[in-house]
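> Top line first, the protein sequences correspond to chains A and B.
Using numbering that gives the first Met the number 0, the first residue of the first sequence is number 0, and each one after it goes up by one.
Using numbering that gives the first Met the number 0, the first residue of the second sequence is number 0, and each one after it goes up by one.
Certain hints may be false.
Here are the computed lysine-lysine pairs in the DSBU-like style, where the Cα-Cα straight-line distance is at most 35 Å [to be verified]:
| # | chain 1 | residue 1 | chain 2 | residue 2 |
| --- | --- | --- | --- | --- |
| 1 | B | K113 | A | K10 |
| 2 | A | K28 | B | K56 |
| 3 | B | K56 | A | K9 |
| 4 | A | K9 | A | K28 |
Note that these hints are calculated values from the structure, not bench results.
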Amino acid sequence: MDDQLFARFKKCAVEVLSVDESAVVLDAKFGDDLDADSLDLVELVMALEEEFGITVPEEDLDGVQTVGQAYELVTNKLG
Amino acid sequence: MTSARIGRRVAVTGIGVVAPCGMGVDAFWNGLLAPPPVGRLREIEGWDPSPWFANPKESRRADRFQQIAMAAAAEALLASGDPLGDPARKGVLIATGVGGLHAIEDQVEIRLDKGDRRVSPFLVPMMMANAASAAVSMRYGWQGPCETITTACAASNHGIGYAANLIRWGKVDAMLAGGAESSVTLTAIAGFSNMTAMTSSGISRPFDVDRDGFVLAEAAAVLLLEELESARARGATIFGEILGAASTADAFHITAPSPGGVGAARCMEVALADAELSPADIAHVNAHGTSTPLNDAAEAEAITKVFGTPGPPVTSIKGVTGHSLGAAGAVEAVAVLLSMARRQLPPTAGTTTVDPAMSIDVVLAGPRDWEPGPTISNNFGFGGHNGTLVIGPPPA
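So here's chain A without its partners, still in its complex pose (with noise of 0.2 Å):
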């Protein structure tokens, strides 16, 4: 994992969801674990576009739980 990378998106999720830095991690859960719901992550969304210059289409975040899978989704764009 690109630590800088993850840095950023990390950034991007504390503002959002005002959560704790330590509480993102890979596994954790939107829901359960940041508190988050499916506003919150068009928002964090949002934030991730603007952060990383990327355009995330609504319908890839079918299924994204986790923060993993979200980080997963902006690496992918970034190619």
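Since the structure of chain A is already known, use the hints to place chain B on it.
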């Protein structure tokens, strides 16, 4: 004393206020007696929402009008404690003139700058006029009626009147009722300025011969209304009583009051009838008194029509507070209740020379000592909406 009034009696057992002249009832009262600030706008300086929200995520997703409503509701509840009983018998009514105007304006700007895909998913729940009522009901788990009345500058009086009626009619036992407004945005300022409703001199001087428009303000205030006997039974502090209310329409013009103040006069008369009081029973009129040429002329004429000359002492706190639109009635109800507790009427700040065309007794220069009695509190809104409350001191 027995009352022939319809239904149960309504006590005010808590008050909370967030206003530019003071946060909390004590600071607010001191602000009402202090020299008025100067300028066309009255905003709450250094507002920090964090004490009223669990984390920055929550407060960021609340428009400023909702944030200040939460603070005012918290103070009202703290004042005499949470009324006991079934949460389904307790309701919320936070009125507003507009709703989340900051959210709308910010997000329109974002859409124009960055495109549709950057518009916040929280725009809708932030901008909706009922956002503050919803947030207060969720915070305290109150599951009775949770509604919002949006009748421009008459909204809070309509809201408090309706909330009191729900208690009188036996539908609920307690209501957090008030208003919140935070519409001091660049677009709103431009709109109000271009319609020449706002002052150009930067001085709010209700009923003054030189009045030239209102000072635009933000504020929130909330009353805890409670059925009188249950409030007494739990030993709650009682600040006063809602004796009656009226809501009428001019059915005349979208912004101008009906000529001769006939709409305002009729509203006060309906409120008196609702409270089963006569004009001679009224000890004070807390006027809408916006400092616009038209409102103040019509209201002064209406007061004289109802009460004769000179009539009861008249005050408008808008010399200090400015005009907080849909929150004004709630802020002014708090001022009335504090006037009763302090046995003083705050002066109509900013005003030096009452318009010679008026024959009302405006409290000027400094606070006036008084013997608290039933008080009329008026609000009139664009659209021809009239709202009058009759507020009484704590019953013996």
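> A separate judgement is required for each hint: does it hold in the structure or not?
Hint check:
no., hint, in the structure
1, B:K113 to A:K10, "21 Å, holds"
2, A:K28 to B:K56, "18 Å, holds"
3, B:K56 to A:K9, "15 Å, holds"
4, A:K9 to A:K28, "14 Å, holds"
Checked against the numbered hints above, the structure violates none of them.
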